[in-house]
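Just so you know, the protein sequences line up as chains W and E, in that order. In terms of the numbering used here, the first sequence opens at residue 6 and continues consecutively. In terms of the numbering used here, the second sequence opens at residue 3 and continues consecutively.
In short, the hints are calculated from the structure, not lab data. Glycine residues also receive a C-beta, built at the ideal position from the N, C-alpha and C atoms. Hints should not be assumed to be uniformly reliable.
Simulated pairs of lysine-lysine, BS3-like, Cα-Cα distance not exceeding 25 Å [unchecked claim]:
no. : chain 1 : residue 1 : chain 2 : residue 2
1   : W       : K128      : W       : K58
2   : E       : K325      : W       : K26
3   : E       : K245      : W       : K118
4   : E       : K144      : E       : K386
5   : E       : K316      : E       : K169
6   : E       : K217      : E       : K264
7   : E       : K245      : W       : K178
8   : W       : K26       : E       : K62
9   : E       : K325      : W       : K118
10  : E       : K169      : E       : K145
11  : E       : K325      : E       : K96
12  : E       : K177      : E       : K139
13  : E       : K62       : E       : K4
14  : E       : K217      : E       : K261
15  : W       : K26       : E       : K375
16  : E       : K139      : E       : K169
17  : E       : K96       : E       : K352
18  : E       : K177      : E       : K386
19  : E       : K177      : E       : K145
20  : E       : K375      : E       : K325
21  : W       : K178      : E       : K217
Here are the computed distance ranges between Cβ atoms for each label pair [stated by the list, open to error]:
no. : chain 1 : residue 1 : chain 2 : residue 2 : range
22  : E       : S140      : W       : L18       : 50 to 56 Å
23  : E       : Y298      : W       : Y136      : 46 to 52 Å
24  : W       : P92       : E       : T182      : 39 to 45 Å
25  : W       : H12       : E       : C248      : 27 to 33 Å
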Amino acid sequence: DIDDVGHKYYLELVLEDVLDKDSTVNCTAEVLYHLGNKNIAPDVQFTLEGELKNTEEADNIFYSRIKSLEKELVAENIPDSHGNVPPEMEPVRLLAWVASGYVIWQNSTENTKFQLAQIKRVKQVKRSDEYLEFDYTILLHEMVSQEIIPWQMTVLWHPQHGVQVTQDSRQPKHASQ
Amino acid sequence: QKVFRVIPQNDEQVEIINSLASNMQVDFWQPDSVTLVRPKMQVDFRIEADLSSEVEDFLKESGVEYRVLIDNLQDAVDAQFDSKARTTRHSYEKYNNWETIAAWTADIAAQNPDLVSRSVIGETYEGRPMYILKMGKSGSNKKAIFMDCGFHAREWISPAFCQWFVKEAVETYGKDTVMTTLLDNLDFYVLPVVNIDGYVYTWTTDRMWRKTRSKNAGSIFGCIGTDPNRNFNAGWCTLGASKNPCDSTYCGSAPESEKETKALADFIREHLSTIKAYLTIHSYSQLLLFPYSYTYNLASNHEELNSIAHAASKELASLYNTKYTYGQGATTIYPAAGGSDDWAYDEGIKYSFTFELRDTGRYGFILPESQIKPTCEETLLAVKYIANYVLQHLY
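Whole structure, please, built from the sequences with the hints as guidance.
Structure below.
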């Protein structure tokens, strides 16, 4: 408890590579939830003890593939109802997962626990520069209220410049259907 | 196995076919029997796989023209199912729709009459029969364990587990000592899907639906459904539940306002003297919970429940290293009133557990079908552990 400021949590965690369970990195972090004002994202400071894996090769392969598509990528329901993800959609799903992490961070309080439940729709947006742009409608599952919240997010990505969520907004419930 | 087609040209060749049939097992498809074979007739017959090369050699040596009509009979048979109604064929390693599950409950009982019987405990809001399977070798004075799946519509791995459990019971009875002892000495009441209407809705309309599909009287926005696991008379609607019919954790207009929860509660009340443990299967989060969730107070046998949960989690993890967290509901997941596990416990069923199956959020409710088998295998170990413990500690 920090008087007049909020609640601070000191964390020791282990980061595990989703694509390689044996690849782990230790991490320490401090998270400060602000008192009162629920519209400010929690402050996060972290230190990685080690290095994250280099993903250059996979990034470039994905980048080239999307760049060479004749028509803009469009897809729905990733995964589908049975949990299937077509292999070529896997990077699109991972990108959404990373980007949703930002949205979740921005909207988290001590009383929420969000997870990305599904990508309802993804549409690639044509750009004249080197970035890839995707317009996602995702479903976030909030554990405490058990609500499924549709959310729109515009995601920019480039192998060397990383992920950016340039725009995001909560959608009305029926928007997902 | 192969199927051959031969056209004997003359009596001599008919004689050759006759000698073939007298020296080995030949199953004639046409004509029906070897005695009906005549020259110039199309003769089709089936041969066991290991004899087929001998047959081919024999036909070649005898100068009889032949061709292989079906090279692999099993494949051909399987292919028939692929094109026909594939989606309605039951599989333990796929998600089955309600129609398929309903048919399966009838089939499994019919195929295993000395171990399984099916009955109906009530009707859903939309009028669907709620099937329950009673498993166990018939005996007198048997105590029972009650297990349900599919409380929340979108948690598809849950009904999949109940089906898997039933399969394992009938398939390993007489072969697996633990399962045999359990079924000899206990009955298992398995309710494969509690919230059938909701489950159907996730197949036809909204994969993320959770609640029942009952109309809520007086709801201005026409919001539908009650959270069945907030609808029991256990601290009903005091915390962790919503009074708003539009919310996902809506507790209902009153305890047991839902036909489904009332049917379940009625059944348990009717069999209270024999039911010694209550298990309810949900997803996701990889948790093993016990009372209470409607209060932070400890259950009277908290220590015992805690050590059972600890051991069961270890059993589960022993297969694929899947880590479960266990503990009292209110502190391990969140405080929530109106849960069936708390209600069953307060009715006197002192071993009451809630499972939250795989995963921890990567796929969440939409767990890939490829994970059905491993999830069910590991969970079965935990359930068998608990059942065995209950058997050793009957009260």
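Consistency of the hints with the structure:
1. Our distance criterion of 25 Å between C-alpha atoms is broken by K128 of chain W and K58 of chain W, whose separation comes to about 29 Å.
2. The straight-line distance between the Cα atoms of K325 of chain E and K26 of chain W is roughly 14 Å, inside the 25 Å bound, and the hint therefore holds.
3. In summary, the hint linking K245 of chain E to K118 of chain W is supported, as the alpha carbons are separated by about 21 Å, within the 25 Å threshold.
4. Only pairs whose Cα atoms come within 25 Å are accepted, and K144 of chain E paired with K386 of chain E is accepted, the gap being roughly 17 Å.
5. For the given pair, K316 of chain E sits about 23 Å from K169 of chain E by alpha-carbon distance, which is consistent with the 25 Å threshold.
6. Note on K217 of chain E and K264 of chain E: the hinted pairing holds, with a Cα-Cα distance of about 16 Å set against a maximum of 25 Å.
7. Proximity of K245 of chain E to K178 of chain W is assessed by CA-CA distance (about 19 Å); at most 25 Å being required, the pair is judged to hold.
8. At most 25 Å may separate the alpha-carbon atoms for a hinted pair to count; K26 of chain W and K62 of chain E exceed this at roughly 58 Å.
9. As the CA atoms of K325 of chain E and K118 of chain W are separated by approximately 19 Å, the hinted pair is consistent with the 25 Å bound.
10. A distance of roughly 21 Å separates the Cα atoms of K169 of chain E and K145 of chain E; the hinted pair therefore holds under the 25 Å criterion.
11. Under the criterion of a C-alpha separation no larger than 25 Å, the hint pairing K325 of chain E with K96 of chain E is consistent with the structure, at around 23 Å.
12. Taken as a hint, the K177 of chain E and K139 of chain E pair is honoured in the structure, with Cα atoms around 14 Å apart against an allowance of 25 Å.
13. With a C-alpha separation of about 16 Å, the suggested pair K62 of chain E and K4 of chain E falls inside the 25 Å cut-off, and the hint holds.
14. The straight-line distance between the Cα atoms of K217 of chain E and K261 of chain E is roughly 12 Å, inside the 25 Å bound, and the hint therefore holds.
15. Our distance criterion of 25 Å between C-alpha atoms is met by K26 of chain W and K375 of chain E, whose separation comes to about 20 Å.
16. Annotation: proposed proximity of K139 of chain E to K169 of chain E holds, straight-line Cα distance about 15 Å (limit 25 Å).
17. Using a Cα cut-off of 25 Å, the hinted pair K96 of chain E and K352 of chain E is violated, with the two alpha carbons roughly 34 Å apart.
18. Of the supplied pair hints, the one linking K177 of chain E and K386 of chain E holds, its CA atoms being roughly 15 Å apart against a limit of 25 Å.
19. With a C-alpha separation of about 22 Å, the suggested pair K177 of chain E and K145 of chain E falls inside the 25 Å cut-off, and the hint holds.
20. Taken as a hint, the K375 of chain E and K325 of chain E pair is honoured in the structure, with Cα atoms around 17 Å apart against an allowance of 25 Å.
21. The straight-line distance between the Cα atoms of K178 of chain W and K217 of chain E is roughly 18 Å, inside the 25 Å bound, and the hint therefore holds.
22. Distance hint for S140 of chain E and L18 of chain W: a CB-CB separation of about 53 Å, consistent with the stated range 50 to 56 Å.
23. A hinted range of 46 to 52 Å holds for the C-beta pair Y298 of chain E and Y136 of chain W, which are about 50 Å apart.
24. P92 of chain W and T182 of chain E have their C-beta atoms about 43 Å apart, which keeps the hinted 39 to 45 Å range intact.
25. Our hint of 27 to 33 Å for H12 of chain W and C248 of chain E holds, since their Cβ atoms are close to 30 Å apart.
Going down the numbered hints, you'll see the structure goes against 1, 8 and 17, while the others check out.
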